[in-house]
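Residue numbers (the working numbering): 3 to 823.
The hints are simulated quantities; they were obtained by calculation from the structure and are not laboratory data.
The structure presented is a predicted model; accordingly, all values stated were derived computationally and were not measured.
There could be a bad hint or two in this list.
For lysine-lysine, the following DSS-like pairs were computed, each having C-alpha atoms within a straight-line distance of at most 27 angstroms [unchecked claim]: (1) K243 / K305; (2) K475 / K59; (3) K228 / K367; (4) K254 / K243; (5) K200 / K243; (6) K305 / K545; (7) K52 / K473; (8) K621 / K640; (9) K253 / K272; (10) K273 / K305; (11) K250 / K228; (12) K638 / K621; (13) K205 / K340; (14) K282 / K24; (15) K63 / K200; (16) K473 / K200; (17) K24 / K152; (18) K138 / K40; (19) K573 / K821; (20) K630 / K690; (21) K253 / K306; (22) K740 / K782; (23) K305 / K152; (24) K254 / K205; (25) K367 / K52; (26) K690 / K638.
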Amino acid sequence: MSNVQNMSLEDIMGERFGRYSKYIIQERALPDIRDGLKPVQRRILYSMNKDGNTFEKGFRKSAKSVGNVMGNFHPHGDSSIYDAMVRMSQYWKNGETLIEMHGNNGSMDGDPPAAMRYTEARLSEIAGYMLQDIDKETVSFAWNFDDTEKEPTVLPAAFPNLLVNGATGISAGYATDIPTHNLAEVIDAVVYLIDHPKTNLDKIMTFLPGPDFPTGAIIQGKAEIKKAYETGKGRVVVRSKTDIETLKGGKKQIIVTEIPYEVNKAQLVKKIDDVRVNNKVPGIAEVRDESDRDGLRIAIELKKDANQETILNYLLKYTDLQVNYNFNMVAIDHYTPKQVGLMTMLSSYISHRQEIILQRSRFDKQKAEKRLHIVEGLIRVLSILDEVIALIRASENKADAKENLKVSYEFSEEQAEAIVTLQLYRLTNTDIVTLENEENELRELITTLNAIIGDEATLFNVMKRELREVKKKFSKPRSTELQAETQTIEIDTASLIVEEDTIVSVTSGGYIKRTSPRSYNSSSNDEIGKRDDDDLIFVKPSKTTQQLVLFTNQGNVIYRPIHELTDIRWKDIGEHLSQTITNFTTEETIIHVEIVEEFGNQLYVSVTKKGQIKRFERKEVSPWRSYKTKSTKFMKLKGEDDSVICLSPIQFEDMVLITEFGYALRFSSDEIPILGSKAAGVKAINLKKDDQLVAAYPMTSQMIYILTQRGSLKRISLSDIPPTSRANRGLLVLRELKSKPHRVFDSGIINETENQEDLNLFSSNVDSEKDKQVLEITSKTGQIYQVELNQLPLSERTSNGSFISDSISTQEVFSSKVKTK
Numbered sequence: 003m004s005n006v007q008n009m010s011l012e013d014i015m016g017e018r019f020g021r022y023s024k025y026i027i028q029e030r031a032l033p034d035i036r037d038g039l040k041p042v043q044r045r046i047l048y049s050m051n052k053d054g055n056t057f058e059k060g061f062r063k064s065a066k067s068v069g070n071v072m073g074n075f076h077p078h079g080d081s082s083i084y085d086a087m088v089r090m091s092q093y094w095k096n097g098e099t100l101i102e103m104h105g106n107n108g109s110m111d112g113d114p115p116a117a118m119r120y121t122e123a124r125l126s127e128i129a130g131y132m133l134q135d136i137d138k139e140t141v142s143f144a145w146n147f148d149d150t151e152k153e154p155t156v157l158p159a160a161f162p163n164l165l166v167n168g169a170t171g172i173s174a175g176y177a178t179d180i181p182t183h184n185l186a187e188v189i190d191a192v193v194y195l196i197d198h199p200k201t202n203l204d205k206i207m208t209f210l211p212g213p214d215f216p217t218g219a220i221i222q223g224k225a226e227i228k229k230a231y232e233t234g235k236g237r238v239v240v241r242s243k244t245d246i247e248t249l250k251g252g253k254k255q256i257i258v259t260e261i262p263y264e265v266n267k268a269q270l271v272k273k274i275d276d277v278r279v280n281n282k283v284p285g286i287a288e289v290r291d292e293s294d295r296d297g298l299r300i301a302i303e304l305k306k307d308a309n310q311e312t313i314l315n316y317l318l319k320y321t322d323l324q325v326n327y328n329f330n331m332v333a334i335d336h337y338t339p340k341q342v343g344l345m346t347m348l349s350s351y352i353s354h355r356q357e358i359i360l361q362r363s364r365f366d367k368q369k370a371e372k373r374l375h376i377v378e379g380l381i382r383v384l385s386i387l388d389e390v391i392a393l394i395r396a397s398e399n400k401a402d403a404k405e406n407l408k409v410s411y412e413f414s415e416e417q418a419e420a421i422v423t424l425q426l427y428r429l430t431n432t433d434i435v436t437l438e439n440e441e442n443e444l445r446e447l448i449t450t451l452n453a454i455i456g457d458e459a460t461l462f463n464v465m466k467r468e469l470r471e472v473k474k475k476f477s478k479p480r481s482t483e484l485q486a487e488t489q490t491i492e493i494d495t496a497s498l499i500v501e502e503d504t505i506v507s508v509t510s511g512g513y514i515k516r517t518s519p520r521s522y523n524s525s526s527n528d529e530i531g532k533r534d535d536d537d538l539i540f541v542k543p544s545k546t547t548q549q550l551v552l553f554t555n556q557g558n559v560i561y562r563p564i565h566e567l568t569d570i571r572w573k574d575i576g577e578h579l580s581q582t583i584t585n586f587t588t589e590e591t592i593i594h595v596e597i598v599e600e601f602g603n604q605l606y607v608s609v610t611k612k613g614q615i616k617r618f619e620r621k622e623v624s625p626w627r628s629y630k631t632k633s634t635k636f637m638k639l640k641g642e643d644d645s646v647i648c649l650s651p652i653q654f655e656d657m658v659l660i661t662e663f664g665y666a667l668r669f670s671s672d673e674i675p676i677l678g679s680k681a682a683g684v685k686a687i688n689l690k691k692d693d694q695l696v697a698a699y700p701m702t703s704q705m706i707y708i709l710t711q712r713g714s715l716k717r718i719s720l721s722d723i724p725p726t727s728r729a730n731r732g733l734l735v736l737r738e739l740k741s742k743p744h745r746v747f748d749s750g751i752i753n754e755t756e757n758q759e760d761l762n763l764f765s766s767n768v769d770s771e772k773d774k775q776v777l778e779i780t781s782k783t784g785q786i787y788q789v790e791l792n793q794l795p796l797s798e799r800t801s802n803g804s805f806i807s808d809s810i811s812t813q814e815v816f817s818s819k820v821k822t823k
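Can you build the whole structure from these sequences, using the hints too?
Here's what the structure looks like:
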């Protein structure tokens, strides 16, 4: 029981997760700053090299290599090993592929590779340079997972693999994204830094100006590249390379030849085609993937007269034709994950190679010195050959012969061993020349190696020579074009809308929809889908390029581009505004609707029940940022029981106001101040206590009607109401009765022409007769009465009019609305 420890769960979890995190950071997801490899990649390369599965030999089944790696060095799932092997073979993900693979190793479309039992692999030629001199004690080795074999902790890496092939990975608390670079440019930068260790980043960037992705494309943003190289973090824009081709008939097509790094080509083509199918930008006729063995090619065929610039800009902005690449250069440096800049990466590589060349030189020197010692002994033997032969023949056995040689001629143990094992054919006259030449070569080699070991400048010259050899053998032109400035994509949103004819309808209850002319013309107006207690207040032909503005009785305005409205059949009820406008209440009703082309200086007049009035310009309610989900104010109300009773465009007309107690006031609209959308307005009329406004309207006609709550209706001329000034009491238009007095229920303009604009512009059934203006009155008992307003006789200003029926006075009016027939 003495081994039992009492620990809190928090401590145990923290300690264990800390261990786990350290393991996956150091041993799984992040590359080493020296050779640019993650452990699984290093183990694959080392194991294949150890098994002789190298460039100059034939391919072997991938499954065999994976099995060897898993059994000897990497005790994890075979899929993780095979996936790492496949990635190292994919030319579209690596600056230089370290594995060559026969068979299906995936594609830019995201297709999975064939199973490892079908593919064959071997190390690439350049991978040999990653492993060069590994057998010369250049790197440290550690025991594998079961202590049966040793594996390298880092590879010699004769070129800066971390920058050339980049890296991507996610660890615990760390992630890395290092882009690929051009091999020749990286080597030039390393060589310059060797010669000028105190140089700055600006100078290095003349040799290494930026990433070079294997998929090409265009990188924009020199300042961001420099920031990333300074700090290890930054973001650049990667844009596809495109051309415009002209087809027969004046049509054109956009050809994409290079796409951003790590973009899935098949998904990109699908997204572009989705733009075409959903008509998000007009003018795309067809999208085709024409890629073949000669290279990548995506064709975006355009319709005749399509705006190619708008289409290309839209695709760059809303698809992966253009993406942001985020630098996050994290690597393991001295067993610790660090965010590193370019100078640190280059310096670390130089230090690593310095150590490799030093260790290799010491190994080669030791080996050469051993051989020189043997050669010196053999040359000496040839000069006293007869005596040595006699001595050996007189000896009892090999051990005795060696001992006699050491005693008689002072040969060393190693020399004596070489002499007694010497083959007879080596005793020819020519062999002495060979040995002497070898001696000279060995002495020169040792002198050179001593220079490398003892003189840093000589060592760096060797390093530069070897790097230039790699560059000469494997360099290739830059694939990615670099542009200093990031181009801002500007899209005229109006040009993205496909212009179509449509019918827009709105009900007072807030149901809104657009309908195709075909659906509208196959039905009558009365067949519109709506609730029984709702009224259709707006139907008008329009185009999807136009905009809709709706004003409510609560002083709110709602903006909707017509192309954003749901296309719904005429007989369906439509979309309620509360589905999208979060602050649209159940008590709110639509009182005015307009289709607009632009938001200019058009004036509106707005009047509330409590007697406030103002004018405001249409530009005051131009589209706001959150228009899709919220309405905005066009007039501030005076209390919860206040509401807007009039919202109308106005030019030079007089305003007419009618109160519930029967007062009418007429004044010039010039007296109404022009105020902002949030203002409550000014006093319109001097109301009596408990009185309120029932109706207000610009004077667009000389005739008005007045309906009382008792069902009395009359028609009067506005010439009977002379203009005065704003904020007066006004004139009575009803005669006051002591019992059951009349109160104004409704009032409005009677059109003089008896003809309104025909709403059904797309219908072939246009009625050439003049529309009749009919007032439909519903009593509180449900009786419906219809009165043709133009046929009403003129009444005096102070009369109470005539009852529309004998019984209406006792029933009283419940509602009224004007219809045209």
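Of the numbered hints stated previously, which ones are contradicted by the structure, given in increasing order? 3, 5, 11, 14, 15, 20, 23 and 24
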